[in-house]
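Peer 1: Listed below, chain by chain, are the residues.
Number of protein chains: 2
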Amino acid sequence: PAHAAPSADDAHPVLTNAAAISGLGAQTEGYPLFTAELTRMRKSVDAAMKAGIDVPVPKDPGGGATHEQHKRNYMALYGAGMLYRITGDKRYADFARDMLLAYAKLYPGLGPHPAAANEAAGRLFWQSLNDSVWLVYGIQGYDAVRDALPPQDRKMIDEQVFRRMATFLSTGSPKVFDRIHNHATWANAGVGMTGYVLRDQDLVDKALKGLDKSGKAGFLRQLDLLFSPDGYYAEGPYYQRYALQPFVIFAAAIDANEPQRRIFEYRDAVVLKAIRTSIQSTYGGYFFPFNDAMPDKSLKTEELYQAVAIGYAKTHDPALLSIAQWQGRTVLTPQGLEVARALAAGKAKPFPFTSLLLRDGPDGNDGGIAVLRDGPGTKDQVLVAKNTAQGMGHGHFDRLNWILYDNGRAIVTDYGAARFLNIEAKDGGRYLPENESWAKQTVAHNTLVVDETSQFGANWKSATATPHQLWFSGDGQIRGSIAEMAGAYPGVTFRRALVQLSVKGAKSPLVLDLLRVNGSKAARYDLPLHYAGHLIDTGFALKSNVTTRPVLGQANGYQHLWVDATGTPAPDNGVVTWIEDGRFYSYRVATPGVTMVLGESGANDPRFNLRREPFILQRLDGARDAAFVSLLEPHGRYDAAAETTTGSESAVRSFTHRREGDVDVLTIGWRNAAATVVAIAEDTDPAHAHTLVLNGKAQSWKGPVGRFEMPKPEGKSR
Amino acid sequence: PAHAAPSADDAHPVLTNAAAISGLGAQTEGYPLFTAELTRMRKSVDAAMKAGIDVPVPKDPGGGATHEQHKRNYMALYGAGMLYRITGDKRYADFARDMLLAYAKLYPGLGPHPAAANEAAGRLFWQSLNDSVWLVYGIQGYDAVRDALPPQDRKMIDEQVFRRMATFLSTGSPKVFDRIHNHATWANAGVGMTGYVLRDQDLVDKALKGLDKSGKAGFLRQLDLLFSPDGYYAEGPYYQRYALQPFVIFAAAIDANEPQRRIFEYRDAVVLKAIRTSIQSTYGGYFFPFNDAMPDKSLKTEELYQAVAIGYAKTHDPALLSIAQWQGRTVLTPQGLEVARALAAGKAKPFPFTSLLLRDGPDGNDGGIAVLRDGPGTKDQVLVAKNTAQGMGHGHFDRLNWILYDNGRAIVTDYGAARFLNIEAKDGGRYLPENESWAKQTVAHNTLVVDETSQFGANWKSATATPHQLWFSGDGQIRGSIAEMAGAYPGVTFRRALVQLSVKGAKSPLVLDLLRVNGSKAARYDLPLHYAGHLIDTGFALKSNVTTRPVLGQANGYQHLWVDATGTPAPDNGVVTWIEDGRFYSYRVATPGVTMVLGESGANDPRFNLRREPFILQRLDGARDAAFVSLLEPHGRYDAAAETTTGSESAVRSFTHRREGDVDVLTIGWRNAAATVVAIAEDTDPAHAHTLVLNGKAQSWKGPVGRFEMPKPEGKSR
Ligand SMILES: [Zn+2]
Ligand SMILES: [Zn+2]
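Each protein sequence line maps, in turn, to chains D and Y.
Numbering-wise, my numbering puts 596 at position 591 of the first sequence, and it's gapless, one number per residue.
Numbering-wise, my numbering puts 450 at position 445 of the second sequence, and it's gapless, one number per residue.
Source of the hints: derived by calculation from the structure; they are not laboratory data.
None of these values were measured; they are calculated from a predicted model.
This list has only true hints and no planted wrong ones.
Listed below are the simulated DSS-like cross-link pairs for lysine-lysine, each with C-alpha atoms no more than 30 Å apart in a straight line: (1) Y:K305 <-> D:K512; (2) D:K352 <-> D:K305; (3) D:K180 <-> D:K64; (4) D:K278 <-> D:K352; (5) D:K160 <-> D:K214; (6) D:K64 <-> Y:K717; (7) D:K55 <-> Y:K512; (8) D:K278 <-> D:K466; (9) Y:K512 <-> D:K64; (10) D:K509 <-> Y:K55; (11) D:K717 <-> Y:K64; (12) Y:K55 <-> D:K717; (13) Y:K384 <-> D:K305; (14) Y:K512 <-> D:K305; (15) D:K55 <-> Y:K717; (16) Y:K717 <-> Y:K707; (17) Y:K509 <-> D:K64; (18) Y:K48 <-> D:K384; (19) D:K48 <-> Y:K512; (20) Y:K55 <-> D:K384; (21) D:K509 <-> Y:K48; (22) D:K55 <-> Y:K384; (23) Y:K48 <-> D:K512; (24) Y:K64 <-> D:K509; (25) D:K221 <-> D:K278; (26) Y:K180 <-> Y:K110; (27) D:K48 <-> Y:K509; (28) Y:K384 <-> D:K384.
Bound conformation, chain D alone (with noise of 0.2 Å):
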């Protein structure tokens, strides 16, 4: 049921139809995700009784001790309220009150953390981001045992914690808590929440519309500028994920208190496109980890849980249950019970991944995110190409950069962030001084880099420029994606095709990309590429550093690579090929007077903070115009147990590239003498249709790209 608009002594829960729940105690046993949770839930909340309430002084950074005992607190109050609501064993509403009456003691004399770094200081914790999040988790167990409490216990603890904290995140914080901006989120939720747990309207319309109620800031704003009408939250899936929980807790909060506000069908039901755009953009489970992101996210994660949950609750949609399924886990909430009784219930359908354009910004302009997936399985192919704009503060500096996964793998990678999160030896687990000289960098990416510097001379506040997403194509034989920039720097226009190709008898598709650039003047042109694996072999000669390993150059990220071994290739042998998980990649370049650079990120790092990872850069020099012409091709298998190996050798002969007035034209010659022939045209308008003559007989296809199987190899047309 909704519920009523509660007066202002009435006490009973607010957040959640908590009623759906109550006392279900033994109730739950036909449900295992529930009952597995519930288990594990009493066990980590019996253990922190056990522990006894210890409300430290703050004093550590991220990951020290004090820093991780509130957040086993919130955690331990958050499960305390679930677990009093459910089994309705008083000792857990009991603790939760000794525990925030411990807070009501500590928090009126807190300063700013005395380890607070250059962000917004909080008083639990080194940045008030962690104090949102502690009021988002100890508001909801709050509510959940706020009926069991005295008066007088419930009025010291609504004063001395919840309303301090309240107005410390919100007047107390105006530059947080008016940004567009995941803090703020997290800020508007913990203050909405606490509002309508204390029966204070006002605070719930600072959340919602700003501190000054104009709906210029607030959750509602975030609403409209942070995500794009596809759901794409503008920082990136990594805080995508992480916003998350902030957006689906409070819209159900906010859904259960002023259900006439329609939070969920807002702006086009945003905030459930939110969640299913999240799960769209994982490979294997895991986030595609584009700007600052750790790689090691995946949907199993408390965010994931919730908005599931909540998701699902919302639309019985039964593709939900497949991801609650491979999570293993759901939360202790109403919806979380409805989610494991549907699971029992046999209801799950496969989660419908498939291939499709993301697009950023708040109107959908500013690019976008473009997936191309060879199938909806966890080990099918599946090609990124990340073309959407900056991504504020967190955002790297990668426009037209482009990741694949293969056979369960990350192949063409990103390196995400340079962070240890949570470990305090490197830096108490905030950011590392080479997230910005290395991972931001464009030469982190596999993407253009001119004359050495980085897209927008790596400055996010100038980097308005945004592609433009000219082509999507999503399914049958001609999957791919063109975009173009222009803006990332001065007087340099450049484009990019990828082409996933499905080709008869592989075992997943290749990969065409090209890459045009249009200069005002003579630079140096590199495009870089990092991959995952060892490198079995070259197809030309290598210059190698054997015994010194140089760096490769002084700044903007090249400071950090190491060269091993450089190369010029003839036009037929421009191949380097490793090996990953037992499966061959060649990587094959028909870049004219290409020179090529082989080596490993992790130099000047003199407190080991990077990864080492591999790359192939193709370097132009002088040049003005110029056009990349790559191909990527996943062959053979190693089968280490059974001590066999089939197709090491790639299956192409030739790759070659001419331009034939406006179309540029890539010839793929297979080792059994037929050709494949894909034609990409500049203009890229889908209705218009393009000609060629291709071994004396004219083709035509519509659209920018065509694709055309020669049986015998194509000769010059002219």
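For chain D, the structure is supplied; the task is to place chain Y with the ligands on it using the hints.
Peer 2: Just chain Y with the ligands, lined up with the frame of chain D:
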């Protein structure tokens, strides 16, 4: 039933009790493991039949097309034989016949293989070893179909294929056949089984006792010399796995044809011991990668499917069933059927993985491998001290080396072999030059290097001196190994004590490492530690090579080591911490006057033949007598999903070493102010008692190692 001696024109199967599986057909359905195997084999053989007979003229080296085809052929032949027996489907017998008739045409005309390298040339393959493997598989397949063939085909195949092969591999290859070596075992097994099938006792006798039938060579002599009394194989676990197959298969064939030989009881049941010892030589199912070993080799290989099935059929030990369960595979033989039946009946019991000393050498006097297990689980810590003899040509110069597994991972590592098995672009899959220049060298291991040279000058033929295993204790509070080595370096004796120290509250044990050196003159002593993980922090200052990376030395493996940094720890800060899979490892040294070198393998590697892996090296210059004193402490946990870190700080406050008389006293001071003292006496007699005054109180213990818990820090006792 045991098989009666067959008459010469009898053609029924003799290698196994074929009646047990004859015409089973759908009866296997209650035994899922066998049924799955049947399905798999049908799929594979049916595909081979569909592809048609392809018996090419031998041309390519390992990994090449003709190599792989002949491998596929012997697998198909074996499979067709088993399938014919089980299903009674004549098409399988016809396919085997047709293929063998093609071999009967090809084989007689073959000379030495055109791609033969420096090893003994085969005819079908580049080395005769592969020909022997072909024969072992081929004769089993042939035995199964022989009674279905017309006499003239049988005669043709008997004479033109099998007798010729057996002749070539025995009298035609005396140097291989009469060796004491796994290559000879394959030859002996193939020839001996061919003897049984052709009813030719002369071939059998040669296989058992050598070409001159004196017993100085042949299968029985190999059982005497290649295995220790504990069933440890001279070349180490990787080759033990490989070698096991001909031993167990030929043993089963001998048992079937000459039960009076009691082959499974031979030499105190050494064949059965060898099977169990192979399994004990694994972690998480993967073999300890000592000597020339590929680290990706697990129990999931054909050799071990055969060994487990044959071992189970002979002993009915239910622990072997749990191994079959983990393998998820078995073989299509009567023995495999027994395994599948017993598994289906729920008879499996956990395999008793345990601490043990596996002695090396025919008499068990050539040192051994000391395995210290913290428990039988797949994530329990395992320390392995390698105190064995050389292990012939595939042996590494690694006396008193050690490795460590923890938390399911290899933590202190052995490089294994420099080789890309079956990958043609890497020297045809053969051992690479770096196997000599790096992988075998002492510095590639975690043991003492004197004056930047390898043990025995890296000459295996002169590497006859073996370690003395002075003490071993596999369970209780004091688990450890003490071994001593003399003769690896002129004038140098070194002794190493490794103690696995379980500590209350710690998730897994700490490892104490005391390596004492006594030399006849001043020298440079290096003690490398190769580890897996990402470096987090050092307690001492580093001098780093950030813009050019030099190599550590010029030869003996040193040329393959890049130097990232060096440092000189003070007595209280000699600690390096890394993280692997969310767990921290602190390596603490109390070696007086030590210089630390941090770096990575991969220098002088123009063909990218090496993996790049980090190392720490302790260096003492100008020393004569010295002690390397180290402590490795696993601690804490970073949980990426929950974003929590626990115990990232070491529990150790101090680590000191002193010598009192003939006792080394190592003291670990804990952060809670208590201390643990480990005393290691020079006298390793387990019956002798020792006394030490600690904190003013006399403490006694028996055997070399004593352990004492001190409630407060232990002061110098004098
Ligand atoms: Zn990036
Ligand atoms: Zn080794």
